[in-house]
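Visitor: Sequence:
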Amino acid sequence: MATLTIQSLRKSFGAVEVLHGLDADIQDGEFIAILGESGCGKSTLLRIIAGLEDTTSGSICIDGTDVTQQSPRDRDIAMVFQSYALYPHMTVRQNIDFPLELMGIDKADRAGRIAETANLLNLTPYLDRKPRDLSGGQRQRVAMGRAIVREPKVFLFDEPLSNLDAKLRVQMRSEIRNLQQRLKVTAIYVTHDQVEALTMADRVMLMNKGKIEQFAPPLELYDHPASVFVAGFVGSPAMNLVEGEVRDRNRIMALGAEFPYAGTGAGEVTVGIRPEHVRIAEPGAALFSGRLMSSENTGDRLNLLLDVAGEAFRVSLNERLQLAPGDSVPLSVPDDCLHVFDRATGKRI
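In my numbering, the protein residues as written are 1 to 349.
These are calculated hints, taken from the structure and not from any lab test.
A portion of the hints provided could be inaccurate.
Below, in silico cross-link-like pairs of lysine-lysine (DSSO-like), each with a Cα-Cα straight-line distance of 27 Å or less [what the hints assert, rightly or not]: (1) K347 to K211; (2) K107 to K167; (3) K130 to K167; (4) K347 to K209; (5) K153 to K167; (6) K211 to K167; (7) K209 to K184.
Given these sequences and hints, build the entire structure.
Guide: Right under this line is the structure:
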């Protein structure tokens, strides 16, 4: 296990700066997910941690030692790629053994490590097979086994599940997380999939345009998004974000309606309401209403798209209703489910 510290990290490609002064402390044994859209800088950050990219300025420290100028092989880091990166002409045993051979470990010790790792990953029956004879999930386990067998200080995962089908991704999410907890190893996992990040990580680093928008436990990103970007990125369906105005200390005007507000200050704001926090109101108790544009029934959820005061507004219910396009739907929102952001800065109030 190891701590990892990122200090004032900047990276430029020519005149274009892609990482803008990142700072983060990762604790011993933590599972960290780096989440963000394509082009946000998450894979560049991972490659810098691995030593595959140079920094423009700033530093990377592992266990208090500055490794910024060290080569990848000297950082004691193992990386698992999306493409598995297995040698097709080698058996599973040979693929797992290869990094140990490069490290100069004697044959007897290597055999013991291979057997232990194969048992841990349920790969023992497949040790003499080649990658072409394995399923996608088994190939991913071999790639993880090749990393585990080295006993590194830090594991890096670069979108390792992107090539798997949906059912296998769910299975492998649990396997990777359980494995990390059993090994008690520090892990950094890059993904564009918020479900992977929220279900697997101790903390999520959400990036946007080369900056860290929020670095916090998954539920904190969901319950207390630090900015409009976080609010709109985390959650599915996405949070409704509409313009509003704080008129006084007790109310916000938005969607043509008046909402109770316990905050301070006044002025223009962005109001966030999660679709799953909206309720169908009892007669006479509606805060506002919307005209049904379309609906989707997924079995466990009924997702509605409404026109509310000219704004597209989404509602996600765990009840079944008979509604037709054009119907007026009365709505309410619990007071503690309103998210308010400064419209000028995008930051949470």
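Visitor: Determine for every hint whether it applies to the structure shown.
Guide: Now the hints, each set against the structure:
Between K347 and K211, the direct Cα distance comes to roughly 14 Å. Compliance with the 27 Å bound is thereby established for this hinted pair. The straight-line distance between the Cα atoms of K107 and K167 is roughly 38 Å, outside the 27 Å bound, and the hint therefore fails. Annotation: proposed proximity of K130 to K167 holds, straight-line Cα distance about 24 Å (limit 27 Å). With a C-alpha separation of about 16 Å, the suggested pair K347 and K209 falls inside the 27 Å cut-off, and the hint holds.
Proximity of K153 to K167 is assessed by CA-CA distance (about 31 Å); at most 27 Å being required, the pair is judged violated. Between the alpha carbons of K211 and K167 the distance comes to roughly 32 Å, so the proposed pair goes past 27 Å and is violated. Proposed proximity of K209 and K184 is contradicted: the alpha carbons are some 32 Å apart, above 27 Å.
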